[in-house]
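Asker: As a plain string of letters, each chain reads:
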Amino acid sequence: MEALIFQIQSGIANGIIYGSVALALVMIYQATHHINFAQGEMATFSTYMAWGLMQAGWSYWAAFGCTVAVSFAGGLLVQRIVLRPIERAPVLTNVIVFIGLLLIFNALSGMLFDHTIKTFASPFPADAWFASAYFPAHQAGSAGVLLLVLGVLFAFFRYTSVGLAMRAAAQNPESARLVGIRVSWMLGLGWGLAAAVGAVAGMMVAPVVFLDPNMMGGILLYGFAGALLGGIGNPLGAVAGGVLVGVLENLLGAYVIGTELKLTVALVLIVGTLTLRPDGLFGRKVVVRV
Amino acid sequence: MTRPDRNDRLHRGWVLLGWGMLALGLLALPFLVKNYRAFQFSMVLVYAIAILGLNLLTGFNGQISLGHGAFYAVGAYVAAILMDRLSVPYWATLPAAFACCFAFGFLVGFPALRLAGHYLALATFALALAVPQLLKYKRIEGVTGGVQGIVLSKPEPPFAVRMFEQPLTADRWLYFVSLAVAGLMFLLTWNLLRGRIGRALVAVRDHPIAATAMGVNLPVFKSLAFGMSAAITGVAGALGAIVVAFVAPDSFTITLSIFLLVGVVVGGMASIPGALFGAVFIQFVPDIADGLSKSAPAAIYGALLIGCMYLLPRGVMGGLQQVWSRWRGRAH
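Heads up: the protein sequence lines correspond to chains H and Y, in order.
Letter by letter, the first sequence follows residues 210 to 499 in the numbering used here.
Letter by letter, the second sequence follows residues 1346 to 1677 in the numbering used here.
Be a bit skeptical, because a hint or two may be false.
[Claimed, not checked] DEER-style ranges, computed between Cβ atoms:
no. : chain 1 : residue 1 : chain 2 : residue 2 : range
1   : H       : Arg289    : Y       : Arg1459   : 28 to 36 Å
2   : H       : Ser370    : Y       : Lys1639   : 41 to 49 Å
3   : Y       : Leu1452   : H       : Gly261    : 45 to 53 Å
4   : H       : Leu460    : Y       : Leu1452   : 23 to 31 Å
[Said to hold, decoys possible] Listed next, the in silico EDC-like pairs over lysine to aspartate or glutamate satisfying Cα-Cα at most 16 Å (straight line):
no. : chain 1 : residue 1 : chain 2 : residue 2
5   : Y       : Lys1481   : H       : Glu469
6   : Y       : Lys1483   : H       : Asp323
7   : Y       : Lys1639   : H       : Asp421
8   : Y       : Lys1481   : Y       : Asp1595
9   : Y       : Lys1499   : Y       : Asp1516
10  : Y       : Lys1499   : Y       : Asp1429
11  : Y       : Lys1483   : Y       : Asp1595
12  : Y       : Lys1379   : Y       : Asp1516
13  : H       : Lys327    : H       : Asp421
14  : Y       : Lys1379   : Y       : Glu1510
15  : Y       : Lys1639   : H       : Asp323
No lab work stands behind these hints, which were simulated from the structure alone.
Being a predicted model, the structure only gives us computed values, none of them experimental.
Glycine included, C-beta positions come from ideal geometry on N, C-alpha and C.
Chain H extracted, bound-state conformation (with noise of 0.2 Å):
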């Protein structure tokens, strides 16, 4: 019984983490339906100019703020230069750019930082007043300070005119133009605000993978995997999905096929998703006109 529960609040704690990457490629998709690949790596490239920052001697806060204002910028930054000439393009389009961006971003970080593993340091120390036997002080933190993210893009997009507009330039663009909104800013400003939750994900989950160009990819599964589980129209139901995908990863590891298979399990839920239930457990069902 022990082992049950201590594998479902360490599936909860790595499901958060999960979670907020299936929220920054649900605000994406919310904005301008696309899936973005690239994710991953644009969290990992932030996550190193954090360790670099770092390194050069600021502290971890100050050097996390400056992260997340420089990762934001530069999501807004892609989507103007890179994304919007090919808003109106065909879908393989536009998949074949976000692979050539993941490419990039992944270069990047190789080229700058170089290939070694590298450690980063966890900000909430090992006996901190959080901490217990079930959940260790930095999944505990992490999930704080996630669900205050979650909290703020709540408040963000429920209490704000900028997010009134973003929603309404996600789900009528054609409308939002005629009542005076800048959609294509919206989008940008939608691509600035995922990369920033990436940003923040991927400092939170280096402490525990370690640092290295390639230490997104089979987080990022798992947050599509969530992403799709929970709906991936639906912002809440994509940290849901997360978690649970996190939960279904431990019992499924712990009990049934042992952890040698995970990203295969992460690829039956994508599969079994996409095929049984398109529009997630919390989506709604979207019916396109012929």
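Based on the hints, put chain Y in the right spot on chain H.
Answerer: Frame of chain H; chain Y shown alone:
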């Protein structure tokens, strides 16, 4: 019309001469270069076949696949297991790989029927990421050789011949085998695309609903496209295993799938000769760029993918065709 018959015959004469010289050049090539270059040229041909397979699915049929490395890996492992565990001669593993990968691709095609665009890209991306882990799985280690893979021995040439003072080594012999297989695969694909099936595939890509209204059986054709594409890439994988004489799970990561996609985009989507350009590209660019930095090839590929989408959407072949048609327009 200025004497069409004479111009036609002259034109055909030149084309035949061009093809003849090309054939002679290809046959003499391995003897003009060192052994290792012959090996590299064989790999170019192997990649050309793999890229052709991917092009069939993505370029001609419009189904995005980021997971063709998985089919390549299956073909390679089928060949390796047959050669190593069952002592099947190397040339017999190629049809076996074709059949196995056709079945596998057809099966993958079924869930793919319900997926379009991004979701298919996502599902195939997941497949490509999961395959190396699956290959390392301990329970099937007896068959697949686990993390260390399977070491094969290069087949010896069946007869001895010397040209330009160079002997026919195993590497050179495998170049000729690859050339023959590549020729066969290109011919097969060209024939397939020229007829009814080819037109149906392109119709499904351009406007699936109109195609269905015209009587094209969408599920059958889409699964068929997946199956054929996987089969061709599987043959490339098997040939690759024979040429390299080694298979291991870490040779077939997501990087391979992405490189094949780069080959398709750079060579030219929906272009059969473009596959050869793409293959030359992905074989030789890493060698040249590695000197700069370990990550340089990835950066170059990324920049090229984006650049091609902006400037050369139909790849090198498309660009060449544009130049050619402009030149012809001026001359006549």
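Asker: Take the hints in turn and mark each one as holding or not.
Answerer: Verification of the supplied hints:
no., hint, verdict
1, H/Arg289 <-> Y/Arg1459: 28 to 36 Å, "holds, 34 Å"
2, H/Ser370 <-> Y/Lys1639: 41 to 49 Å, "holds, 47 Å"
3, Y/Leu1452 <-> H/Gly261: 45 to 53 Å, "holds, 46 Å"
4, H/Leu460 <-> Y/Leu1452: 23 to 31 Å, "holds, 28 Å"
5, Y/Lys1481 <-> H/Glu469, "holds, 8 Å"
6, Y/Lys1483 <-> H/Asp323, "violated, 32 Å"
7, Y/Lys1639 <-> H/Asp421, "holds, 14 Å"
8, Y/Lys1481 <-> Y/Asp1595, "holds, 9 Å"
9, Y/Lys1499 <-> Y/Asp1516, "holds, 8 Å"
10, Y/Lys1499 <-> Y/Asp1429, "holds, 12 Å"
11, Y/Lys1483 <-> Y/Asp1595, "holds, 15 Å"
12, Y/Lys1379 <-> Y/Asp1516, "holds, 10 Å"
13, H/Lys327 <-> H/Asp421, "holds, 7 Å"
14, Y/Lys1379 <-> Y/Glu1510, "holds, 12 Å"
15, Y/Lys1639 <-> H/Asp323, "holds, 9 Å"
Violation of the numbered hints given earlier is confined to hint 6; every other hint is satisfied by the structure.
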